[in-house]
Structures are given as C-alpha cells and as structure tokens.
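Peer 1: Given the structure of chain A, go ahead and fit chain B onto it with the hints provided.
Residues per chain, in single letters:
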Amino acid sequence: MNFKILYFTTFVFLFGSCAKKNYLADVTSRNYRIEKGSYTNDVAISDMIAPYKEKLDLTMNEVIGQNTTEMTKGKPNSTLTNWFADALYDEMNHMQGVKVDFAIQNYGGVRVNSFAAGNVTVGNVYELMPFDNTMFVLTMKGDKVQQLFDKIAESNGWPISKSVQFRVEFGKAADVTIHGKPLDPAKEYMAAIPDYVANGGDNMDFRRDCPKWESQKYVRDILINYIKRQTSMGLPLSADPSKRILLSGE
Amino acid sequence: MISRRTFIRQAGLSATFLSSGGLDLLALAGQPEMVKITILHTNDVHSRVDPFPMDGSRNQGLGGAAKRATLIKKIREQEKNVLLLDAGDIFQGTPYFNFYQGEVEMKLMSAMGYDAATLGNHDFDSGIEGLVKQMPHANFSFLNANYNVKDTLLNGKIKEYQVFTKSGIRIGVFGLGIDPDGLIPKTLCQDMIYLDPIKKAEEIAFKLKNEEKCDFVICLSHLGYKYNENKVSDTILAAETNGIDLIIGGHTHTFLNEPVQAKNKSGKPVAITQVGWAGIILGRVDVLFERNRKGKCMICNNMYVG
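Taken in sequence, the protein lines are chains A and B. If you count the first sequence from 1, position 228 lands on 228 in our numbering, and the numbers rise without skipping. If you count the second sequence from 1, position 84 lands on 1084 in our numbering, and the numbers rise without skipping.
Think of the hints as simulated: they come from the structure by calculation, not from any bench. Treat the hints with care, since some could be wrong.
[Said to hold, decoys possible] In silico EDC-like pairs for lysine to aspartate or glutamate, Cα to Cα no more than 20 Å straight-line:
1) A:K144 with A:D202
2) A:K151 with B:E1229
3) A:K21 with B:D1286
4) A:K53 with B:E1103
5) B:K1226 with A:D86
6) A:K172 with B:E1229
7) A:K187 with A:D47
8) A:K36 with B:D1286
9) B:K1231 with A:E154
10) A:K187 with A:D175
11) B:K1226 with A:D202
12) B:K1107 with A:D47
13) A:K228 with A:D86
14) B:K1186 with A:D202
15) A:K36 with B:D1050
16) B:K1186 with A:E214
17) A:K55 with B:D1050
18) A:K20 with B:E1202
Pulled out of the complex, with its shape left as it was, chain A reads as follows:
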C-alpha cells in the first residue's frame, strides 16, 4: 500500500478546492395533534410527573361547587366573563368594611374559553385564573372611570360587573351608567381591579396615581371563596348572559 498516495488523496478530500457545499433544496411541514387516543404515555416522563401530580391532586380535586350550564368566554359580554366579574364584585362587597361600585378583570386574565357544567374543583378555578394576581380597590374620580371604560371599549370589552352598563361608540364608552345612574365625572367611585391592571398592565398606565387599597387576596382565592359561599347557601353557579357592554346601535 502506498501511504503517500493515501495521504495525498485524504488531503485533497479534506482541503481540496472542491469542498462540499450545502444547498437548501426543499422544505416540508407537518403538524401532529396530540389527542387522547393518539399516543401512549412515555413511562419515564409519566414517572417524573407522578410525585408532583400526587401532591397537587390532593388540593386540586376538592369539589367546591356545582355549575349548572357551561359558560363560555367572549367579547363584549359572555356568560363566563360576566360570571367572573360578578363573582369578584359580590365577594369583594362581602369583605368586612369593603364597598365597591364595580369590579373588572382584564380579558386576557381569563385563561379558559369554557367553564364546564358539573362539579367545580379548586383545580378548575386555578385553570380559569392561574395568575397570582391580587385584588386592589381603587378610589377613582368619575373622569378616570370614563378613561378606564374607554380603554375597555377600545379593546371591545372586558369582564365587568353587572353594576355597570355602557355602549361602545367609535371605540369609546358612551352612555355610561353605574348602579343605573349616569356616570358623574366629579364623583368618587370605588373600583375592584386586579393589581396587574392597577399597576399598568395591558397598557392601563394612567391609573397609577389613584389612591388604592390592597386586599392582599389573590383573585383566584376570591373566586374560590365566592364559590364556597354560594355552595354553603345551597346555590349552584349559573350563567348570566345579560349585556353590560352594548355595541353601537344596540
């Protein structure tokens, strides 16, 4: 065997002028939908999850209430967003020494599109409201409330309690009423608002200067307490399709 030739050939192969080049020839794609019956569970992964899940399930599987009909999320109003805001409104007003005129929740904070009928577990509420946001009560002059509702109108509606009604006209809130009375720009209103929004989240930065009281209670825990209180009174959750935010012409 001639090692010189082998060496030379290898040299040319590795460093020769005709080095391999890569050319992008084609791109194809495919989506795999992961359905219940589609794939088996990977045992190693299931085993990794198991100890975490076990501990979690103890808390999450507790049934705290009953829901009569499926509630769904939508804009400008929907059964789920209505229920969410009304529950916050009711429960905040149930707190010792707290009196709010309305409650809101940012639309993006409602994390499920539907809330099923049947048993309501702690886990269901976590899925609905996973964020560790707390509730603030802001003291707002009527003109600030108008600005808030304008922002809500601009984004085609957020969860808002039944104490409020307005119409979206040209992206602004028109004919605003609170407790059935026209909004008074000079009057002070008490608003229950999640800290995320009160701190300027979702571009709500104009209300940082309003006097605020921090409940130090998670929005989620307020919902859980509300459901438990309803259950203790023998009441199931029920959907309220009433319109708080009307569209132009309605």
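Peer 2: Relative to the frame of chain A, chain B by itself:
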C-alpha cells in the same frame, strides 16, 4: 389529524419523490448527497404538563407531556437530525406552576431533549429571580437577542444565538422577545432593557449567515404572529429583515395548519409558523439539503436558490 404538504414545491422535487422513483434519475446525475434536518417545535405550552382534563370543555383530553415525549421519541427513531425548539411561555397556566414554580416544566423539557427555547413574557411571572432559580433544572439553552440583561440576574444565563451542526449542516437559532412594557410588570423584569427586535434580528441573522456560515437560520420569536395595529410581529419581522429562513413564533396562540410563506426585505422566502398553545400540537418542519462539490445545486427548488 395530520396535515402534510410540500409548501415550497415550484420546480422542485419533494422529499417523497426523492426517496422513491427519483433515485435512478439522481444516480445518473451523480446522486447528490441529501441531508434532512427535522425541526420539531412547540410554543406557549403554559405549564400544560397533563392533558386537558376530561371535563367536557373544548380542549378535553388534548396535549400532555408524556404523550408528546412518545411522539418525539418515535420521530427521533426515524430521523437522524432532530432539533427540538420552543418559542416561549413555558410557564404559567396550570397549578403545576403555582405549586412548583416551573421546576416540573424545565425537568420535562430537559428529559424530552429540547435543544433551545426563547423567553416569553410569562416566563417572567415569578420575576427574573424566579426564572433564574429554575434554570439549573434545564439542560437546554435559553436564546434571546433583544433583551439586554447585563444588569440583571440573567446576565450570562441567556445567549443571543446558538449554532447546531447536524451531519455537516449548520443551523443558526436565535431568539426574540416581546416588548415587556405594559405586559410584564416592572417589578418582575427589573433592569432588563428591550431592544428593537428588527434591528437585532438583522444583525444576528447577518452574523449567522456570514460569520458563522450557517446554512439555515431560525428565529424563535415571542413577538406574536400578526396584529391589527402596527405593532411589531412575526409578519413584520419577516418582511423587514434579511437572512431568516424560518420564524417559529408564539405569544398570540395562533394555530397555523402549515407555515405561512412570506417574503423578506430582498424578496427571498421566509416561512412563519406557530402551533397554537398548550402543547396540543407538535409542529414539524423538515428542511432538505443537497451536499455536493459541483458548485451548484442539482435538484434545488428554484425558490430557495438565491
């Protein structure tokens, strides 16, 4: 349940053709060496460790890490060159996050063999401190090029980009994050500085193509697919930059059945994809390369030759 389509097919040969009747023809032409890179991707998994519960809701039974792991394993058995990527919002959405602060998500992604992920706005939900605390559980890279984190605890923990070499093909991957203003409370992202994603993308993509000699450039983006207003998005990113071949997006939870074909600043093709959220779908993009010493591509699709 499966959508498959060669989305760039003009004048080109599909992978199916290559692996069947095309071989004889190619043998005559000197049979170029073909290398397939399989890119698997998720986005906005949002702590969806278990499948959605069987409670009659819309997504019941869908998703789940243990099922996704089986699927990924199966694909790895069939394909040699697999890249597994995530476009952010790993955290938040199920009690797993509230209870374990992201430890489970990081461990599972590591076990599944994720190569890299970018950061979504919700990955800051327990603050930079909370995120950094979970990073030791991750054996994959965190990529972001437009968050300046040098004055935060994240300093040195994220990279602008990473190059993966598979069978002689160099794949450059970089990350882009959304403007945190009004989205991530200042208390959570502290002294992190947001940089213009378009400018940063141009710079990194240029570097990847020219200095790092990448054959393919992927942007993991958490900007969002498209907005009604003029806010920067994947569609704007695609149109206003050069050098990106594929944008794997997130944030808007957009379900695209297949990548959308866009054109970049120079009119070259860019594919934009996003697979909804919660790990309901695993996306797959196969990129086929021809390797030869002829100085030109023998079977290339005209659209991708530039």
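Peer 1: Look at each hint and say if it fits the structure.
Peer 2: Here is how each hint holds up against the structure:
With a C-alpha separation of about 16 Å, the suggested pairing of K144 of chain A with D202 of chain A holds against the 20 Å cut-off. Simply put, K151 of chain A and E1229 of chain B have alpha-carbon atoms about 15 Å apart, close enough for the 20 Å limit, and the pair holds. At most 20 Å may separate the alpha-carbon atoms for a hinted pair to count; K21 of chain A and D1286 of chain B meet this at roughly 19 Å. A threshold of 20 Å between alpha carbons decides the hint, and for K53 of chain A with E1103 of chain B the separation of about 13 Å falls inside it, so the pair holds.
Proximity of K1226 of chain B to D86 of chain A is assessed by CA-CA distance (about 33 Å); at most 20 Å being required, the pair is judged violated. For the suggested pair K172 of chain A and E1229 of chain B, the alpha carbons sit about 17 Å apart, so the restraint of at most 20 Å is met. For the suggested pair K187 of chain A and D47 of chain A, the alpha carbons sit about 59 Å apart, so the restraint of at most 20 Å is broken. About 26 Å separates the Cα atoms of K36 of chain A and D1286 of chain B, which puts this hinted pair outside 20 Å; it is violated.
For the hint linking K1231 of chain B to E154 of chain A, the alpha-carbon distance of about 16 Å falls within 20 Å, and the restraint holds. For the hint pairing K187 of chain A with D175 of chain A, the CA-to-CA distance comes to about 16 Å; that is within 20 Å, so the pair holds. A threshold of 20 Å between alpha carbons decides the hint, and for K1226 of chain B with D202 of chain A the separation of about 17 Å falls inside it, so the pair holds. With a C-alpha separation of about 12 Å, the suggested pairing of K1107 of chain B with D47 of chain A holds against the 20 Å cut-off.
Distance check on the hinted pair: K228 of chain A and D86 of chain A sit about 15 Å apart at the alpha-carbon level, within 20 Å; holds. Distance hint between K1186 of chain B and D202 of chain A is fulfilled; the C-alpha atoms sit about 13 Å from each other, no more than 20 Å. Annotation: proposed proximity of K36 of chain A to D1050 of chain B holds, straight-line Cα distance about 11 Å (limit 20 Å). Between the alpha carbons of K1186 of chain B and E214 of chain A the distance comes to roughly 18 Å, so the proposed pair stays at or under 20 Å and holds.
Using a Cα cut-off of 20 Å, the hinted pair K55 of chain A and D1050 of chain B holds, with the two alpha carbons roughly 14 Å apart. A hinted pair counts as satisfied when its Cα atoms are at most 20 Å apart, and K20 of chain A with E1202 of chain B does not qualify at roughly 27 Å.
Checked against the numbered hints given earlier, the structure breaks hints 5, 7, 8, 18 and satisfies all the rest.
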